[in-house]
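**Q** So the protein lines, in turn, are chains A and B. For what it's worth, our numbering labels the leading residue of the first sequence as 2, then goes sequentially. For what it's worth, our numbering labels the leading residue of the second sequence as 1230, then goes sequentially.
Derived from the structure by calculation, the hints contain no laboratory data. Certain hints may be false.
[To be verified] Residues on chain A that point at chain B, a partial pick, calculated with CB under 8 Å:
1) PRO290
2) ALA291
3) LEU294
4) SER337
5) LEU340
6) THR342
7) ASN344
8) ASN347
9) GLN348
10) THR350
11) VAL396
12) ASN398
From the three backbone atoms N, C-alpha and C, an ideal C-beta is built for every residue, glycine too.
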Amino acid sequence: MALTINLTGVEATSNKDTDGTLALNSDTKYPSQKAVKTYADTKQAALGYTAENTANKNATGGYAGLTLFKINFKNTLNTFTSFFTNSNTAARTYTFKDADGTIAFTSDITGTNSGTNTGDETAARIGTLINGSSAATPNDADLVATADSSVLKKITWTNVKTFLKTYFDSIYQAILTAANVHTFVDSLTAMTTPVDADRMIIVDNSASLAKKITWANIKATLKSYFDTIYAPLASPTFTGTVVLPSTTSIGNVSSTEIGYLDNVTSSIQTQLDSKSEKSILLFSASLNPADSLDYYFSIGYIAATTSPNGKRFKFDTSSTTAIKLALQMTTTSAASNELVTLNLRNQTTAIDYLIGTFDMSLVGANTNYLFEFAFSHTINTTDQWAIKMTTPAWVTNPTATIMQLKLYYK
Amino acid sequence: MANIYTYKKQGDGRDSWRVETPEGEIFMVYEDPTKVETLKEKAIRLSSELNEIINQLKK
């Protein structure tokens, strides 16, 4: 037979705790209802809570009948900086925009220095008011406040400008213009000769600035520039076609003398050389020439000898030139008419060049006679030359013959 | 060395001598270079030269 046990109403009373302080703090005990209530009531009282009476609240959740409200402001140092108090009779909204506490409803502030009464317009308050206003560019019709013997007056911006212009005109230079700068410069004291340290105004185009420049730098800059386009006074070098006036002179050479160069078509020196003659004078002192011999004329006044030593000369030009030779002679006894031969001898090359022949029978006793010859020959300045006279086999030899021979060439 | 003398009868009848010196110079002379002066000729020549000197001194 089955055993049925009814456990209804049976409890383990050993596990029930009726301590209203729940001091056991157990996970196996369970508190009685009374113990729980006692604990909760005791705890609420210990915490200082008072049951709220919702009947005292209005529709906005605020407490009805609140007549005194205080707000204390503290700074970061946790000290009081200001107080705000009001006894409101109606709902108000306060907006705190910044540290100065701009209050939305200033009409709520009353009393002295509230800004709403006579006498509240202190300099500080007015300054604050002006500072707080918006900036604007004045128009001529705008008004500006002014104090006339402690009486506040208004003045238009036009009149302010007119007054200030009259005043500033008396103490300031007018805006620079080309016209008044010209007048100003004209009024300056004239300087005749600038020195290196003097300065001038110059516009720096690259910097868009007016600058000063010394006279020394102006001169240096101009010299550098002029040196590229002008010739210096000392040892100038001209290029291209240089045209000088007809009055030009060169040193001691006058313009008239320079003018003599007009129509010259070739070297003047060459032309002069071609027209002037040079000469060489040779001699033979008294000589009794023998037959069929070569005699050489001397540069000095001694008798011609059969040796060319000491009888040689040099030309001072190299050219193919016309040569003239004049032979003047005298004798104490005329010769027979066999012909005497004259040669221009190149002693360096030992080559004779025929000048001509002459007849000494034409030279009368104790009389002078002149023989002339002309020929062309190429001469030079390097070789040694001589005049050689070759005597014939005379029937009768001349006696005491004195000869002077002059050689002309160009 | 002595001069070398060569006689030549000139076309006008004069006597002449071709003289060649040791240095090589050659020319004519018209008095006999080989002639020896006699004492008489020498006395005449010296007397003549002395008179000429005396005359120059007088000037």
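**Q** Please go over all the hints and tell whether each is borne out by the structure.
**A** Here's how the hints hold up against the structure:
1. PRO290: holds, 7 Å
2. ALA291: holds, 5 Å
3. LEU294: Where the cut-off is 8 Å and the nearest Cβ of chain B is about 6 Å from A:LEU294, the hint holds.
4. SER337: Hint on A:SER337: holds, closest Cβ of chain B at ~5 Å, below 8 Å.
5. LEU340: violated, 16 Å
6. THR342: violated, 17 Å
7. ASN344: Result: violated, 18 Å to nearest chain B Cβ.
8. ASN347: violated, 22 Å
9. GLN348: violated, 17 Å
10. THR350: violated, 22 Å
11. VAL396: holds, 4 Å
12. ASN398: This hint holds: A:ASN398 lies near chain B, its Cβ roughly 5 Å from the closest one there, short of 8 Å.
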